[in-house]
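Enquirer: Model the full structure from these sequences, guided by the hints.
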Amino acid sequence: MPRSTPRTIAELSDEARALWAKSGDGVERLEGEEIWLSLPQHMLDSLGVADELWTRWLAPGVRAQIADALELDDDEARKLVSFLAGAHDIGKATKTFQTQMAERPDGAHFIERLRRSGLRLQHGVTERSVRSFHHSLASWVILRSWLRESGARATAPDRLARTADAHHGSPSSESSRTFAAAILEEYDADHPEWRAVQRELLDFVADQTDVRPILPRLRRPIVGYTLTLLTGIIIMADWIASSADHFALSEAGCSGERRLAGIEAVDLTRPWSPHAPDLAHLDAHLRDRFGWSPSARARPVQQAAAAASLQLSGPGLVIIEAPTGEGKTEAALTAAEALASMAGSGGILIAAPTMSTADGLFHRVLEWSHRAADDSPLSMFLGHSKSHLNTDFDRLRFRGVSDVSGGQGNVIASQWMSGRKKGILSNITVATVDQVLFMALQAKHSMLRHLGLAGKVVIIDEVHAYDTYMSEYLAMALEWLARYRVPVILLSATLPTAQKEHLVAAYSRQIRATDEQLSLSTDYPLVTTVDAHDIRETVVESRGTDLRADVELIDDDPARLVERLAHDIQDGGCVLVLCNTVRRAQEAYSALEARFPGEVELHHAGFIASDRVRKEQELRAQLGPDAHRGGARPFRRLIVATQVAEQSLDIDVDLLVTDIAPIDLIIQRIGRLHRHSRPDSDRPESMRQPRVLVRGIESSSPPVFESGTRAVYDERLLLATLAVLLSKVIPSGFSRPDDIAPLVHEVYGAAPPIPVDWEEAWEAASRTSEADRLTARARARTFRIESPTSAKTLDELFGVFAANIDSEAEEAKGLAQVRDSDPTIEVIPIRWHDTGYTALDAGPDTPHQSPDLELPSRAARALASATVRLPARFTRFDADFKRTVDQLERETPIGWRTSSWLKGQLALRLDEASSIELNGRRLRYDRDLGLCDVTDQAESTPNV
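Just so we're on the same page, my numbering is the position in the sequence shown counted from 1, plus 32.
No wet-lab data here; the hints were simulated from the structure. There may be inaccurate statements among the hints.
Unchecked claim - Derived CB-CB ranges, DEER-like: (1) T878 <-> R668: 57 to 63 Å; (2) S947 <-> R720: 42 to 48 Å; (3) R809 <-> H599: 46 to 52 Å; (4) R720 <-> P774: 24 to 30 Å; (5) F909 <-> L806: 22 to 28 Å.
C-beta atoms are modelled at their ideal positions from N, C-alpha and C, and glycine is treated no differently.
Expert: Put into C-alpha cells, the structure is as follows:
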C-alpha cells in the first residue's frame, strides 16, 4: 500500500523541496535576489492548469472523446489528465538535470542545497556515458515504473508514460529508452534516495488528483489518437505553467489563489456554445448572422446545407458543390452551427487555399463570429505567416473587435493563443489549408494541432484546388478528423467525382463499418452528407444562367497578344491576363507596358509581402463591386497576374486572357469575368459580351504546350481540357452554371473526346500522368503519419521526422511536403551601403542603419513585413539549400538577433542596383516586376 503523502509542499521532505524546475533565466531580478521555481511547485502548477483546461477550455466533444476512449466518466478522465500533467516533469528529479546548475556561475547555491538535503550527486556509469539523458526521457522511465507499482495494467503504464516523454514535441527513440531503463536500474541499486524522492513526488501528485483508484481500471489499450490528445493537453498545461508572466517563480505553496490567478492571466476563452438554427426560421437566422436586409431570403444551397446537416445522426461530413456566388460560405457557417451544437464542438476552423483567400474570408468570418458569439468572449486567429499584415486582424489583436465590426468586443485575438503553434487553439480560426494538412504530417508539437482541430467544426474551401499529392494529406487529415468526431464541411465549385469519392471514403473509414464501393452522383449543385449510418445526396435547385462567354484560342506569341489587346481595348476596358508562371507574367507585362505605359500592372508571388498586399488592396478598390467607371474603376487597365488572381481576388474584369490550364481552374478564372452586376456604362460596348481568350499552346495536332505550363500542370489534363474546349466550348460558348459540372466530369472522366491524331500524345501523357500519380502518392507517405486505426503509439505517429526538426530552415523542408513543392526560403530584401543598410523602399535621405545595432521596434516591424520567397531553384537540392542559407546567414545583420520582429529572419543583401549574386545566380528586385532571376531569362519559373 502506498504511504500517506503530504498535502502541501511544506510537508514534503527536504530532498523533494531542494529540487528545482525553473531557474529564472531572463527574468528581471534585484541585485542578489534568487529567483527559482521548485519542482514540486511546478508540478502543482501544471496539474492545476490541466484541471482548469479540462473544466473551462476544452470542448465538450473532446472531453467525451477522451473519457470514452479510456472507459472513464468525465470527472475520472479529468483526474487522470491532471495527474499526467503534474507528473510530466518528474524526469527533472534526476542527477543529470539537477546538476546542470554546476555549469553556471551562479549555480553553486543550487548544488549546495542538493548536497545539504542528503542527495548524492555523483553519476552512475550508464548515466555518465549517455550523451543526452533528457528530462522528458527520464520522465518516461520513472513514470512508467510508478504506474506499474500503483496498479496500472498491461500496456497502460508504458503508453501513458510516453505522453511525458513527448511533452517537448516528439517522442524519444527506442534506443534512448533502453538507456533510460538501464539508468533507472542504477538508481534502484546505488542511489535509493533519488528513487525515494521520485516516488514521493509522484505520490504527492497522485494524492492531489485522487488518481490511484482509476489506474487499475484502465483495461482497454490506450491507442495513438487518445495519446495524441492527452499529450496536447500536457504540452499546453506545461507551456502555461512555465510562463513566469502567469505563474511567478517562487516557492509559494499550493493554493487555489495561485492557480486561479495564473489561469486568469492567460486569455483563454471558453468553448463556443452554438444553438442549431431552426429551419422554420432560417431566413431570419441568416439575416441576423450576416447582416442581410429585412427582405433577404435563404438561397437554395443554404437551405439544403442546413437541412442536410440537421439530419445527420452524429458528427459527419458535408460536401457543398455549387457555383461561385451561391453563398457557399454562408451555407457552411450556418451548417457549422448545427453540427457544432450536435457534436459538442468548441469552435470552427475555415481553411482556404492561399493567404489571399484566407485574408478575404477573415473579415466575413469576423463579422459572423461577432453575431454568433454568446455572452462569453470568443478568441479568433488568422493562421498564416503574413497575418500581421491583415488590417482587421491587426486591429483585433491590439484594439478589440469593437474597432473592427462595431460590436461590443465579444470576440478577441488572444495574446497567449497566437503564433503558428498555438493560434489553432483559438475558438475561431481562419487559415490556409496547410493548417489542416499539417495534421497529417510528422512535425514537432503536432499534438497541439490535433488538440486544436479535435474541438472544432472544420470547413475547407475550394477543395478542387488540391492536386493528387495534397489530396493524400487531406484524405489522411479527414481520417483523423473523423476519428476525433469532428464535423467537416467541404466546399467546391468544381469537384471531380473521383476526388470526391476519395475524400468521402477517407472520412467514412473511421465512422462507418461498411466497406462499400462508392458511386456518387454527378448532379450539380449538390449537397452530400456522410454519417455513421448513411450517405445522402441532395440535389439543389440551380440558379438560372448568369454568364454566357465566348471562348477563343489565340496565338501564344507576346507580340501577337499586344496586337490583339490593342485592337480590343480601343474604347477602354479592364483586362485580366492570367499566366501560369512568374516568368510568363513578367514577359507579358513587359510587352504590354511598352505599348500601354502606365496602364499595366503585375501581380505574382515574387513581390515583397507589403507591396503585394498594397497592390491587391488597390486592385480590389478599383475593380471591386462598388467601383464604377468615371469613379474608382479605370477607363482602361491591363492586369497581368499568376494564379494569385485565380481565386483570391474579388475583382471584375471585362475581358479575360488565360493560359491553358485544367478545365476546373479555367472555370475558376472565368469567375473574375463579368463577376459583378454592373450598368452598361461601366463596360465598353465591345466588351459587354463576356469573352475568354486562351493562350499557351505553341502548336497543334497534336498540341504542344509551352514549357512553364507543362511544368505546372498534368499534361493529360491539359490535353483533355483542350479537347473539350475545342469540341464543346468554343463552338457554342461557356454557360455558367449550366456547363460547370458536365465539363469537369468529362475532362476528369475516363474518355474525354480526344481527336484521332492526338491519340499517341494522349497515351504517352496518360502513362506519365499515372506514373506521376503513383509516385506522388508514394512520396506523400514519406513524412505522413499513419491512419488513426493503425497507429498505436506516439512513436508510430511522430517519431521519425519530427525529432529531427531543430530549425526553421529544416521545418520549411518538412512543411513543403504537404504541397508537393520544393522547400522555399523567405527573405527580407535590404539595400546595402558602405556605411550600413536601409529598407528596400527607403528614400535617398534615410539614415543608414548599423548592422550591429538593433532596429527600433516600429522600423523592425515594417521590415519584417517586407518579405519575399526565393525561387525554388535555390533550395531544391540539399547542397544548394545549404549554400544559399549559409550565404544569407553570413550577410544578415547581427543586430537582428535581438529583435523580437527580426530574430531568425534572413536578409537578402541587395546592392545599390537592387541586385545580388546568390549561390552563383544573379537576382534583382524590381518594383514593377518583383524578384527576377536575371541569370537566365529564358528559364521558366513556375509560380508557387
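Enquirer: Against this structure, judge whether each hint is valid.
Expert: Here's how the hints hold up against the structure:
1. With their beta carbons about 35 Å apart, T878 and R668 fall outside the hinted range of 57 to 63 Å.
2. Separation of S947 from R720 is about 45 Å and conforms to the stated range, judged on CB atoms against 42 to 48 Å.
3. A beta carbon spacing of about 47 Å between R809 and H599 agrees with the range 46 to 52 Å that was offered as a hint.
4. Remark: the range hint 24 to 30 Å for R720 to P774 is upheld by a beta-carbon distance near 26 Å.
5. Between F909 and L806 the C-beta distance comes to about 23 Å, which sits within the given range of 22 to 28 Å.
Against the hints set out earlier in the document, a violation occurs for number 1 only.
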